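Protein chains in written order, with the numbering used here: chain A, 1499 to 1848; chain B, 1499 to 1848; chain C, 1499 to 1848.
Note that these hints are calculated values from the structure, not bench results. Predicted model only: the values in this text are computed from it and were never measured. A portion of the hints provided could be inaccurate.
The list treats identical chains as interchangeable, and a pair is accepted whether it falls inside one copy or across any two copies.
What the hints assert, rightly or not - Subject to a maximum C-alpha distance of 27 Å in a straight line, what follows is the list of computed DSS-like cross-link-like pairs (lysine-lysine):
hint, residue 1, residue 2
1, K1794, K1816
2, K1694, K1597
3, K1527, K1565
4, K1830, K1843
5, K1839, K1527
6, K1746, K1694
7, K1565, K1794
8, K1524, K1645
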Amino acid sequence: MEFTVQQVAHLLKGEVQGEANGKIYKVGKIQEGEAGDITFLSNLKYEPYLYTTQATAVIVNRSFVPKKEVATALILVDDAYTAFSTLLDEYYKMLNFQKIGIEHPSFQSQTAVLGKDLYIGAFSYIGNQSEIGDNVKIYPNVYIGDKVSIGSNTILYSGVKIYSNTQIGKFCTIHAGAVIGSAGFGFAPQADGTFKAVPQLGNVIIEDRVDIGANTVIDCATMGSTVIEEGVKLDNLIQVAHNVRIGKNTVIAAQTGISGSTQIGENCMIAGQVGIAGHLSIANRTSIAAQSGVMKNIENEGVSIQGSPAWEIKSSFKSFAIYKQLPELKRKVEDLERKLKELEKDHSNK
Amino acid sequence: MEFTVQQVAHLLKGEVQGEANGKIYKVGKIQEGEAGDITFLSNLKYEPYLYTTQATAVIVNRSFVPKKEVATALILVDDAYTAFSTLLDEYYKMLNFQKIGIEHPSFQSQTAVLGKDLYIGAFSYIGNQSEIGDNVKIYPNVYIGDKVSIGSNTILYSGVKIYSNTQIGKFCTIHAGAVIGSAGFGFAPQADGTFKAVPQLGNVIIEDRVDIGANTVIDCATMGSTVIEEGVKLDNLIQVAHNVRIGKNTVIAAQTGISGSTQIGENCMIAGQVGIAGHLSIANRTSIAAQSGVMKNIENEGVSIQGSPAWEIKSSFKSFAIYKQLPELKRKVEDLERKLKELEKDHSNK
Amino acid sequence: MEFTVQQVAHLLKGEVQGEANGKIYKVGKIQEGEAGDITFLSNLKYEPYLYTTQATAVIVNRSFVPKKEVATALILVDDAYTAFSTLLDEYYKMLNFQKIGIEHPSFQSQTAVLGKDLYIGAFSYIGNQSEIGDNVKIYPNVYIGDKVSIGSNTILYSGVKIYSNTQIGKFCTIHAGAVIGSAGFGFAPQADGTFKAVPQLGNVIIEDRVDIGANTVIDCATMGSTVIEEGVKLDNLIQVAHNVRIGKNTVIAAQTGISGSTQIGENCMIAGQVGIAGHLSIANRTSIAAQSGVMKNIENEGVSIQGSPAWEIKSSFKSFAIYKQLPELKRKVEDLERKLKELEKDHSNK
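Same shape as in the complex, but just chain A (with noise of 0.2 Å):
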């Protein structure tokens, strides 16, 4: 970004003690603010930073009187916190919605439909019949198949790739290099040991305000639909096979993977590197612990659980600070071996 002190001023509603043309570049913390910084003062923890920050300006609130004098712009507001919250969405939106026009060379299929304010980056591909809706942002080198629908204000990182059918919501975030239906992983053995494909002839449905991490891979459905729910949020190099289903506002973390035909709850809670296995069902609110495996369906909502085969979280780390103790627990059994015999010898003799 490239703003004076007074613009970022006159977005927050605030007003300027101090400089007000000081060239404000990016944002940052007080503790580390850099001249062209803009950061912000709100718990007053922070506050002996205000008075040595090197930063070109500091919003806070309007309540707030400095003991000391400060070299630093001051953007007065009603809440600092709030206000700087905004001022990150402000510059998300801009840094990410300001592109638009067509760079060239880019294909567009005759047959393509195409909405207003589009950015497509060159080397970008959008196939036949394919609907495009307004304000999409197409970085470089994305390829959109045919019959696909991408609506509006969705936004695709360079190297995505769209099979042909897909469906996308508004509002969604694609991260580079991300698959949107590829072909689900199904084969039949044959009498001679070879494999024959089943051919995979579904779709992969992404609803609205749906975030899709980089290098993430989601599989289309043999028949019907892999669907991914309104609001769900994906993390990196993330694997969801064919017919699978994720329920609403489900977060899930980087490396996981999701076998063919399970269905997840709205608003799960999966950490990274999870496996779960194929035709479960997860019930709603599940949390899910890093690197678990999950073998059968969850029934109850709202339960925690970890480990590989993964069960209850609690009694999974009970059994798990036994199982560090394990050595001992054996020598304690062999030491009653021992004693016992000695009794039991002891005892005959009498």
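On the provided structure of chain A, position chains B and C as indicated by the hints.
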């Protein structure tokens, strides 16, 4: 697709009963059939759906006699299940091999040798002295380096990257974003604590009828070749390190990783998120359960293993069952200690 | 490559014995040597192969005296092993840095600053105000956003995506499909159960001599920088989350994931499929075994850990050894219970 019922019947060598001009757009299940769908009835458990389905056509056995009136068109064939499979296969081939011709702009080295009936998507790249067989489909944004050979009827989906010197067989399918031939991960420690890359000068050989999933990576050999034998099926996001060999018809699920120089036998079934250490040899027909970590050779054929580290699966599940009861086992041991102490005390008092 | 034996000898400051005009196309092992290969003999265990190899030339120590007639050309040098290493390095450099010039079509912003001796592949993209150092190799389909800087002698293989504001040092190698600078995975829960993206406004800094594997992902910082220090080597399909710092010369194997804000020390060795939780600090020279799950700080340098959750590796293996015998341990405890009961009964009868 877009066919009439009559056209499909012709393809399947069947006869139409009912409306032969209905339009078919996709395949579906009988219980979910919508207008424009074609489906089938083989298992009579599903017969009730025949009388209620909205599908435009249903494939049935010639011997089948409906018990009620049927609104949908019927296609009568000798074996409905086989005919439906044939339809899926034909549809799949049509979907994947229908594209033909060279889109522009795309890049083909003047020294590349190109077969017949190719599809070469826009923004794809074919390097020097590479040879592309007949009927190969190269989707947009594919990169093929120098001296690569690709056998006939192979499909490379969008964004596949093939490093120089790679050899790929016939009838292979490589999904979007897969990388074949990247440098093996070999670094020699130096006296000053830094690492020096060991030059990776070998290549990758992929034999016929191999399927490779989206964003999977196969590294080239340090010297010689990393080899994926005929009929191997690899899912998405798999790591295959330098100098690995994977035997015929082995199937590997998503996110599994195989370390350098390991040799995997034929007809193995390896589940998802498995890790296999380097320089190992895994016998034919080994089954490895999900999330297992294989740390030593598997010498006997047909063994199933599980766990991290992995061992014989039945033993592994027996130990895990007791692991879940460890707190109880510990209590029992403490109980025994207490009782034994009392008994000893009691005993010595006598 | 394509050299005569004489040319290779000249490069290695050696002398030819035998046919100096033989053509060399590739390097190989002495036991697998084919016509057109060059190989070496250092360990005399392999001497018998010298008399049977089909290789065109073999590099040997000047002091070496063959016991039989040799059909292949010999190149006499002071130290055959070192000379062969030198040859590999030179060959590798040649392979990777031979490309030069700009292929078309490709996209360079008019505000981009380009160094000398570049290779810029077709369909690659260089955004606004980005700076590319001398001798950088940008393969086809690479995306470089705005305000990116790339140091001299760095190689970006096909399909690498670099988000805006990223800084990359000199002599780095980034393999195909890697993504640098994607948004960190940060979402603030809202009252209605949905999640709002936390704007990710920082960047990624990659220092000199870093290697990054194929399809690996490094997220940008929320504020500030995700930092990969000098000499770090990352394998394929690794996840590095926002605000992580990886210390000098640390080596990380494939499919490992590092959660947000974790700091990893220098000279660590981290095996494959490891998961490291967020906000942790890992001491210098820590070794982490494959598939481990690190859930707390590692404070002492040079420690080896294993397991999920991870702990000291020797203790971990001791517990695992007993875990494998848990059914036996359980039987022993039940045995003890039975015997003790008998003894008690017996005792009370007396």
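* How would you label the pair K1830, K1843 (within, between, both, or neither) given a Cα cut-off of 27 Å? -> both (20 Å within a copy, 18 Å between copies)
* Can you give me the call for K1527 and K1565, within, between, both or neither, at a CA distance of at most 27 Å? => within (20 Å within a copy, 73 Å between copies)
* To do: Evaluate K1565 and K1794 at a C-alpha cut-off of 27 Å and name the case that applies: within, between, both or neither.
  => neither (61 Å within a copy, 40 Å between copies)
* To do: At 27 Å max between alpha carbons, let me know whether K1694 reaches K1597 within a copy, between copies, both or neither.
  => Intra 45 Å, inter 22 Å, cutoff 27 Å: inter-copy only.
* Asked: When no copy is named, should K1794 and K1816 be tagged within, between, both, or neither for a Cα gap of at most 27 Å?
  -> Both. Shortest intra-copy (21 Å) and inter-copy (17 Å) distances satisfy the 27 Å Cα cut-off.
* To do: Give the relationship of K1839 and K1527 under a CA distance limit of 27 Å: within one copy only, between copies only, both, or neither.
  => Answer is neither; intra-copy 69 Å and inter-copy 63 Å both fail.
* Between copies, within a copy, both or neither: which fits K1524 and K1645 at Cα up to 27 Å? -> between (41 Å within a copy, 13 Å between copies)
* Between the shortest in-copy and the shortest cross-copy C-alpha distance, which are at most 27 Å for K1746 and K1694: within, between, both, or neither? -> Answer is between; shortest inter-copy Cα gap is 14 Å, intra-copy 35 Å.
When each numbered hint is compared with the structure, violations occur for hints 5, 7.
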